[in-house]
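A.B. asks: Each chain is listed here by its residues.
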Amino acid sequence: MRHYRRELWFHVPGRRELINITPEVQKCLEESGVQEGLILVNAMHITASVFINDDEPGLHQDYDEWLEKLAPHEPVSQYRHNKGEDNADAHMKRQIMGREVVVAVTRGKLDFGPWEQIFYGEFDGGRKKRVLVKIIGE
Amino acid sequence: MRHYRRELWFHVPGRRELINITPEVQKCLEESGVQEGLILVNAMHITASVFINDDEPGLHQDYDEWLEKLAPHEPVSQYRHNKGEDNADAHMKRQIMGREVVVAVTRGKLDFGPWEQIFYGEFDGGRKKRVLVKIIGE
Amino acid sequence: MRHYRRELWFHVPGRRELINITPEVQKCLEESGVQEGLILVNAMHITASVFINDDEPGLHQDYDEWLEKLAPHEPVSQYRHNKGEDNADAHMKRQIMGREVVVAVTRGKLDFGPWEQIFYGEFDGGRKKRVLVKIIGE
Numbered sequence: 000m001r002h003y004r005r006e007l008w009f010h011v012p013g014r015r016e017l018i019n020i021t022p023e024v025q026k027c028l029e030e031s032g033v034q035e036g037l038i039l040v041n042a043m044h045i046t047a048s049v050f051i052n053d054d055e056p057g058l059h060q061d062y063d064e065w066l067e068k069l070a071p072h073e074p075v076s077q078y079r080h081n082k083g084e085d086n087a088d089a090h091m092k093r094q095i096m097g098r099e100v101v102v103a104v105t106r107g108k109l110d111f112g113p114w115e116q117i118f119y120g121e122f123d124g125g126r127k128k129r130v131l132v133k134i135i136g137e
Numbered sequence: 000m001r002h003y004r005r006e007l008w009f010h011v012p013g014r015r016e017l018i019n020i021t022p023e024v025q026k027c028l029e030e031s032g033v034q035e036g037l038i039l040v041n042a043m044h045i046t047a048s049v050f051i052n053d054d055e056p057g058l059h060q061d062y063d064e065w066l067e068k069l070a071p072h073e074p075v076s077q078y079r080h081n082k083g084e085d086n087a088d089a090h091m092k093r094q095i096m097g098r099e100v101v102v103a104v105t106r107g108k109l110d111f112g113p114w115e116q117i118f119y120g121e122f123d124g125g126r127k128k129r130v131l132v133k134i135i136g137e
Numbered sequence: 000m001r002h003y004r005r006e007l008w009f010h011v012p013g014r015r016e017l018i019n020i021t022p023e024v025q026k027c028l029e030e031s032g033v034q035e036g037l038i039l040v041n042a043m044h045i046t047a048s049v050f051i052n053d054d055e056p057g058l059h060q061d062y063d064e065w066l067e068k069l070a071p072h073e074p075v076s077q078y079r080h081n082k083g084e085d086n087a088d089a090h091m092k093r094q095i096m097g098r099e100v101v102v103a104v105t106r107g108k109l110d111f112g113p114w115e116q117i118f119y120g121e122f123d124g125g126r127k128k129r130v131l132v133k134i135i136g137e
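As you go down the protein sequences, you meet chains W, B and E in turn.
Residue numbering for the first sequence follows numbering that gives the first Met the number 0, beginning at 0 and increasing consecutively.
Residue numbering for the second sequence follows numbering that gives the first Met the number 0, beginning at 0 and increasing consecutively.
Residue numbering for the third sequence follows numbering that gives the first Met the number 0, beginning at 0 and increasing consecutively.
Hints were generated in silico from the structure; no laboratory data involved.
Take every hint as true, because none was put in to throw you off.
Any copy will do: because identical chains look the same in the list, a pair fits if it lies in one copy or spans two.
Mimicking SDA-like on lysine to any residue, the simulated pairs with C-alpha atoms at most 25 Å apart in a straight line are:
#, residue 1, residue 2
1, Lys108, Arg4
2, Lys127, Thr105
3, Lys108, Glu35
4, Lys108, Asn19
5, Lys82, Glu55
6, Lys82, Trp114
7, Lys68, Asn81
8, Lys108, Glu55
9, Lys127, Pro113
10, Lys108, Tyr3
11, Lys82, Asp53
12, Lys26, Glu16
13, Lys26, Arg4
14, Lys127, Phe111
15, Lys26, Gln116
16, Lys26, Phe111
17, Lys26, Phe9
18, Lys127, Gly112
19, Lys82, Pro113
20, Lys127, Glu67
21, Lys82, Glu67
22, Lys82, Gln60
23, Lys82, Gly57
24, Lys82, Asp54
25, Lys108, Asp54
26, Lys82, Ile18
Keep in mind that this is a model prediction, so the values were computed, not measured.
Could you put the whole structure together from the sequences, leaning on the hints where they help?
C.D. replies: Written out as structure tokens, the structure is:
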């Protein structure tokens, strides 16, 4: 069995942003030499997500507004977690969008449907944060 | 390491439907010959889900109404994504229900609790769409 | 390829509770002897979750209130599933929090970011329920 591990680092200057990380993950897959197996891509932080959806700016704005409706940032005092912090909403947004994706590797490629792209979803930016890429297979 | 790959195709005539795909996934597992390992089952489209829950029609109607409350289809103009499309809500419903499940394989069987069943969740039907089944193990 | 399987049992006396199961999962990993691979940890019941987030009591209360807002338990008659049951809301809460996590194993350890902890999320307690730990790797 082959295995491969790499961390991808991101620094989002604002609070929230969605970043297409598919090219970085593809590069990891090429480096790994794995032809058949599984890739796990997960946020290593609990106020961020890794998810698969469409790379369409209108949709990304829709996601941002929708997540704000389901788990509003303000007023920060509505959350018990926000003692010396203001990121409780980010812990909730991350649960809706998810922590991780598992992607099939087939003949050395990410085995994707026509529009699948992998995103890093930052909900509490302003500092360096990491994504883990782990690949197992042969 | 053994590996197996198959696509399952679905054509939901209406907009939304939940389909129990457990028998098809079990057939894939039997074909694969894998006795111990992991199965990944994922929607290959970004307006559909694969998830595990109960095969109970009342619950499925509840899910449909609940998802409509959290991410309503109408008015379609409320979403920026809906320029020449009307499926922004389906991209959101899919995030709540999830893209994929990973299931343990033990002694050649889906290692399930008493009521676990795998569903394809279509949120933007009317055309042929796919699910990927990838199995690795031995 | 090595493989390992264990069930973890929980009995939450009330309806809802979040339990940190990271130490139990770590013990499983040590028992397995796997150095490089993947761990799947999933609820075997469809009204419970396994998820990764922060072990902070204020956040856990926030989650509870937030999930009650998104999928209220009462009135139980609002759900079609609740014929002789009252747990439809638990099937929804579980979809938001997720069924499973997949965690990388690197050099024999759970490959975690600084605050990642694994939780069992019970949304319909009062009876014994199970979590599956499956590990594959080498």
